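Single-letter residue listing:
Number of protein chains: 4
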Amino acid sequence: MKAAVADADVQAVVDLIRERGLTTVLLPGGDHLAIGITSAIDPGVREPLANTIRTNAGVSHVVHVSRPYKLTSREFRNQSTVVNVGRASFGGPKVSVIAGPCSIESYEQLHETAVAIKEAGATILRGGAFKPRTSPYSFQGLQQKGLEILARVGQDVGLPTVTEVVDTHDVPVVAQHTDMLQIGARNMQNFALLVAAGRSDRPVLLKRGPSATIDELLFAAEYLLNEGNRNVVLCERGILPLDRTYTRNTLDVMAVPVLKEITHLPVIVDPSHATGYARYVRPAALAGLAAGADGLIVEVHPRPHEALSDGQQSLTPQDFAALMRAVDDVAVVIRKEAS
Amino acid sequence: MKAAVADADVQAVVDLIRERGLTTVLLPGGDHLAIGITSAIDPGVREPLANTIRTNAGVSHVVHVSRPYKLTSREFRNQSTVVNVGRASFGGPKVSVIAGPCSIESYEQLHETAVAIKEAGATILRGGAFKPRTSPYSFQGLQQKGLEILARVGQDVGLPTVTEVVDTHDVPVVAQHTDMLQIGARNMQNFALLVAAGRSDRPVLLKRGPSATIDELLFAAEYLLNEGNRNVVLCERGILPLDRTYTRNTLDVMAVPVLKEITHLPVIVDPSHATGYARYVRPAALAGLAAGADGLIVEVHPRPHEALSDGQQSLTPQDFAALMRAVDDVAVVIRKEAS
Amino acid sequence: MKAAVADADVQAVVDLIRERGLTTVLLPGGDHLAIGITSAIDPGVREPLANTIRTNAGVSHVVHVSRPYKLTSREFRNQSTVVNVGRASFGGPKVSVIAGPCSIESYEQLHETAVAIKEAGATILRGGAFKPRTSPYSFQGLQQKGLEILARVGQDVGLPTVTEVVDTHDVPVVAQHTDMLQIGARNMQNFALLVAAGRSDRPVLLKRGPSATIDELLFAAEYLLNEGNRNVVLCERGILPLDRTYTRNTLDVMAVPVLKEITHLPVIVDPSHATGYARYVRPAALAGLAAGADGLIVEVHPRPHEALSDGQQSLTPQDFAALMRAVDDVAVVIRKEAS
Amino acid sequence: MKAAVADADVQAVVDLIRERGLTTVLLPGGDHLAIGITSAIDPGVREPLANTIRTNAGVSHVVHVSRPYKLTSREFRNQSTVVNVGRASFGGPKVSVIAGPCSIESYEQLHETAVAIKEAGATILRGGAFKPRTSPYSFQGLQQKGLEILARVGQDVGLPTVTEVVDTHDVPVVAQHTDMLQIGARNMQNFALLVAAGRSDRPVLLKRGPSATIDELLFAAEYLLNEGNRNVVLCERGILPLDRTYTRNTLDVMAVPVLKEITHLPVIVDPSHATGYARYVRPAALAGLAAGADGLIVEVHPRPHEALSDGQQSLTPQDFAALMRAVDDVAVVIRKEAS
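First to last, the protein sequences are chains A, B, C and D.
Okay, so the first sequence: first residue is 1 according to this note's numbering, each after it adds one.
Okay, so the second sequence: first residue is 1 according to this note's numbering, each after it adds one.
Okay, so the third sequence: first residue is 1 according to this note's numbering, each after it adds one.
Okay, so the fourth sequence: first residue is 1 according to this note's numbering, each after it adds one.
None of these hints come from the bench; they were simulated from the model.
There could be a bad hint or two in this list.
Per the computed footprint, the stretches of chain D lying under chain C, defined by three or more beta-carbons under 8 angstroms from a beta-carbon of chain C, are [said to hold, decoys possible]:
#1 110-121
#2 131-145
#3 220-232
#4 251-265
#5 285-296
Here are the simulated lysine-lysine pairs, DSS-like style, with alpha carbons at most 27 angstroms apart [unchecked claim]:
#6 A/Lys336 to D/Lys94
#7 A/Lys94 to D/Lys336
#8 C/Lys94 to C/Lys118
#9 D/Lys145 to D/Lys118
#10 C/Lys94 to B/Lys336
#11 C/Lys336 to C/Lys118
These figures come from a predicted structure and were not determined experimentally.
Backbone N, C-alpha and C define an ideal beta-carbon position, used for all residues, glycine too.
Only chain A is shown next, with the shape it has when bound in the complex (with noise of 0.2 angstroms):
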């Protein structure tokens, strides 16, 4: 629909689609009003519907959109969505970096973390309460209690805060004490999880499973996007390596451009879980940005030798300052070249 549409042109084209059984989403976005035919349509009503569609007032036009995702396309919006959380903003021009421990261990733990990450030009606080580990005996997170600290310190220090939910049980919970709730890659098939955060009005974090593939990543963002939440964040976070004797996982910067160019959404790099070592942060952060990320989630520890989780690949926040550095500098030159 056109911008300035009235919302009951808006409502004269949804019931048309409706009458004929199908499903409608409302995607607003700058230009216009998407409204999006979820349900498979017959080939031989397609064409009739769609000339029916472009006759009514405030209609645009009429596209059809041959990927199996539909909201997440490129197709269906070729506008890139901004995701905006406080300062921190991804999919526009600037490049925002989400960073902070593992774990939350304590108030002082990530207070001191959220100080120095902020100094550093960090926009977004990360730190996990609910852990999701392959051992029942590691731990698992400080639960409501850590919610309550990432609560405290980000208002504190000043800075949103990102953290993972494990459960759809605690969607309203988490959504209350956080600016944008995180999806685990181990949960990126998690439907029933997928749709409760669909529904929350936090912005999602979505991270990629690690053998999931491009294909199954849209569709779980399409599970988000169907139930009304657009402010949908990608992020790759490594994939099954070959084996495991130098990094966890493999870095598939290629992700990155791909999906560029097929959803509208914005895509972070996490390097710190896609090469499980601190000393290949920093290039896989840069390969990330080279390639076209939109931002980038860095595990920072004060001291990641006493970290409860994720120690070995956590940056200390001296060396997470010398990589914003870096960041800065290798974001002007591929944000000159991409535009």
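Given the coordinates of chain A, assemble chains B, C and D onto it according to the supplied hints.
Just chains B, C and D, lined up with the frame of chain A:
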């Protein structure tokens, strides 16, 4: 502990361990009652503690479990676990076969299938009510209504039932309507769901994730056992393929003997998902049995080409009956070979 | 062409095709002599040419082979190819087993092994003279001297032999000393070597590369057949594993029925390389047979712990004899099932 | 050995080692002449031998190389190796770019390409004469005639050249016509070919196999160095992908910093094969440089849609020139960051 141990003796050992700040889990078996220490133990403490325990009444022996998963390990419990669900029995001398449609579509469809598979020798009826689907626009299952159909058909035909549960919230209602809970491949590391299923009194069929290592599968099982549920059946259902030209997944048939060596839990094979095509179900099933599997789970549909999901990989009742005759022949030879 | 066709009739059809600038290959079979056109044909030319050929004397029928590999395809030749090497026969009703040490170490070692495997029922002796090794510092085989030992032992014990050839330059000398040439997994796409082996009159055992798709394997076989060598046995020997904690490779057991469906060439399984451990050779071998394999190739060493290579995966003669008894039992059941 | 060591002192150390039945390799460098012991040494012998060597004239220091590959390791030679081919230089401060068509098709095609890439800043011309192709029916290259064209164009345009060699037999003739030998990905473990190329006096471009681990790549390089050829450039060209929907391979960009850390050999990236599509060459190339690559190899064709092979992934001369400007911009920033 010895089999005929007094409760007070068990409690004395548990107290001894807990005094040191360590956690314990009880795992009753045929000959012994095992008391597992699941906390990490300082090596300097381990040997003195073992010596102290050995002097207690009713203690049979003390072993150190070297693997990171404890309760699932044969070091912890050497005797094979037998999981009984109605007349079906996994882990004993017999091979048991679960069969039924991918999705429950109607009472008639499920009833027709159940009669046929029972006649052919299957001992558990499967059918999906909550379907985890890659796309939000695919058929999501009949949900609550599907559970009710499953319970009714199971009762009417006289077969125990198994169905997948996809959300922690649904565990009680699914447990109420079915005899065995299935954790699907994509939820293998949904730890919140594992904890919830581990607290249920229903046996659990745990499917291996498509990119999960053997260790990750055993850690997932450990979550279940750690919550007190020791009736766990593991299922190999195919891993990430080199390419998808000819099969949907790669049947990792050697996972069967590898698992049988490491864990006391029964292991079955899903030839339907492992291959994705009805014509490959038979060689995959027989290969699984030849490798030592304790059973199978097979998709059967009265009219595969009309199935709402997975029709391509579903057997007709006739083909299933033919498969069951081959299963019997191979099982006789292999079980003789194995004994 | 019909079986009793005159040479002149064959030549007439070949001339007809070559006049149009297309290349031909002759592939004699039991019932028919096939004339393959291996050039790409313009679709507009295809049907008129087929019609012209059909009118020629001696022509039985004309088929279009839709797969990109032609001569290896069942569309081109439906009847299963039987490859005979001495008393061994691959692709017919019997299962044949190749056995012997990874490396030939001495006349005594090889002779002792050969006597034992013949006694147990193996029909071909294997032994490596030229060893492709990941490290240049590992034992590279006895080379020329190894070939001579292999030829002598084969003669003395009365078994045909197979050994790997790793360089085009060595094809003649290896063909002179052995009854069957092996192309190893890492040379599966060494096209120069395939061409050289395709020009040899020895049958070829072609092992699948660890990351080769089914199509890539069949294209490699096509190189052999395209040079005129139609005695090719394919071998599944394990593909790239998810991780190497428990097995050296992943036995892709379903490659067997997939290949048997697409190609007329026989297919065997190498349970030794597929698993990497002697204790997994038996379940892997039986699973391969259950999936329809025409034979096995198994590493046997009189004293595995003293072997210069692959000791960990070599069976003792005793274990091999036990395996052969199980092979017979399973083959009887499966071949009955299949017929 | 110290840099200004006398030949007699070197010989004395070599003799000392050989007396013990161990093999040695000389590897001259900028500051030192290294003498490598490539045989396995009994741990009880190692320390006494090291002490004896240390007392010899001209010896600077003795190190134990813990990695299984020796000569390629930074433990053996810490200083980065610089490989010079004409004006091109890999491993030093500058980034060098190899460019040209996949296949040499004619003098005119190659000359037109060579003029364009030289103008854009490339310093080596690539072009395939012997083409390893999956199908025997695909264009196999102009072979000998292609070599002659390559040599003539290189001379006429003033660019050194590199081309692939696929058979041990061809090494002399290829070395005679070109300035650098390429070992292709599918031949990375063709050990006979590695030995032959290792005996050539031409620098070698060694491409990583699509499923080769880092260790396997370094062992392949070790074969080259072990034969005395120390001018080896490693090339990451994409590994086996999760799926092939969007890219032909997966660019393993982190292989670059991992390799740079372990080996002293230069590392370049092939964004054309890694991605398979011209539109992804640019982000892949820039990501490679951002990760620390010493150079690139890029496919360029004057009319990609007419190319006899790999047209889909070939850049036009115009797009290549644009890429070279971006390469310069990123290299300036990254090399500044790195220093």
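Subject >> chain C covers the stretch 220-232 of chain D, three or more CB atoms within 8 angstroms, holds or violated >> reply: Answer holds; 3 residues pass the 8 angstroms Cβ test.
**OP:** Between the stretch 131-145 of chain D and chain C, see if three or more residues pass the 8 angstroms beta-carbon test, and mark the coverage as holds or violated.
**Re:** holds (count 6)
**OP:** Examine the stretch 110-121 of chain D: at least three residues should have C-beta closer than 8 angstroms to a C-beta of chain C.
**Re:** Coverage by chain C is violated for the stretch 110-121 of chain D (0 residues, Cβ < 8 angstroms).
Original post:
For the pair supplied as a hint, lysine 336 of chain A and lysine 94 of chain D, is the alpha-carbon distance within the 27 angstroms limit?
Top reply: 22 angstroms, holds
Original post:
Between lysine 145 of chain D and lysine 118 of chain D, does the CA-CA distance stay at or below 27 angstroms?
Top reply: 23 angstroms, holds
Subject >> lysine 336 of chain C paired with lysine 118 of chain C [C-alpha distance capped at 27 angstroms] >> reply: With Cα atoms ~25 angstroms apart, lysine 336 of chain C and lysine 118 of chain C stay inside 27 angstroms; holds.
Original post:
For the pair supplied as a hint, lysine 94 of chain C and lysine 336 of chain B, is the alpha-carbon distance within the 27 angstroms limit?
Top reply: 22 angstroms, holds
Original post:
If you draw a straight line from the CA of lysine 94 of chain C to the CA of lysine 118 of chain C, is it 27 angstroms or shorter?
Top reply: 16 angstroms, holds
Original post:
Are there three or more residues in the stretch 285-296 of chain D whose C-beta lies within less than 8 angstroms of some C-beta in chain C?
Top reply: That given contact is violated, which follows from only 0 residues of the stretch 285-296 of chain D lying within Cβ reach (below 8 angstroms) of chain C.
Subject >> Check of the stretch 251-265 of chain D against chain C for coverage (Cβ-Cβ below 8 angstroms, three residues minimum) >> reply: It is violated: at least three residues are needed, and the stretch 251-265 of chain D offers just 0 whose Cβ sits closer than 8 angstroms to chain C.
Original post:
When you check the alpha-carbon spacing of lysine 94 of chain A and lysine 336 of chain D, does it fall within 27 angstroms?
Top reply: 22 angstroms, holds
Figure legend: structure checked against the earlier numbered hints; hints not met, in rising order: 1, 4 and 5.
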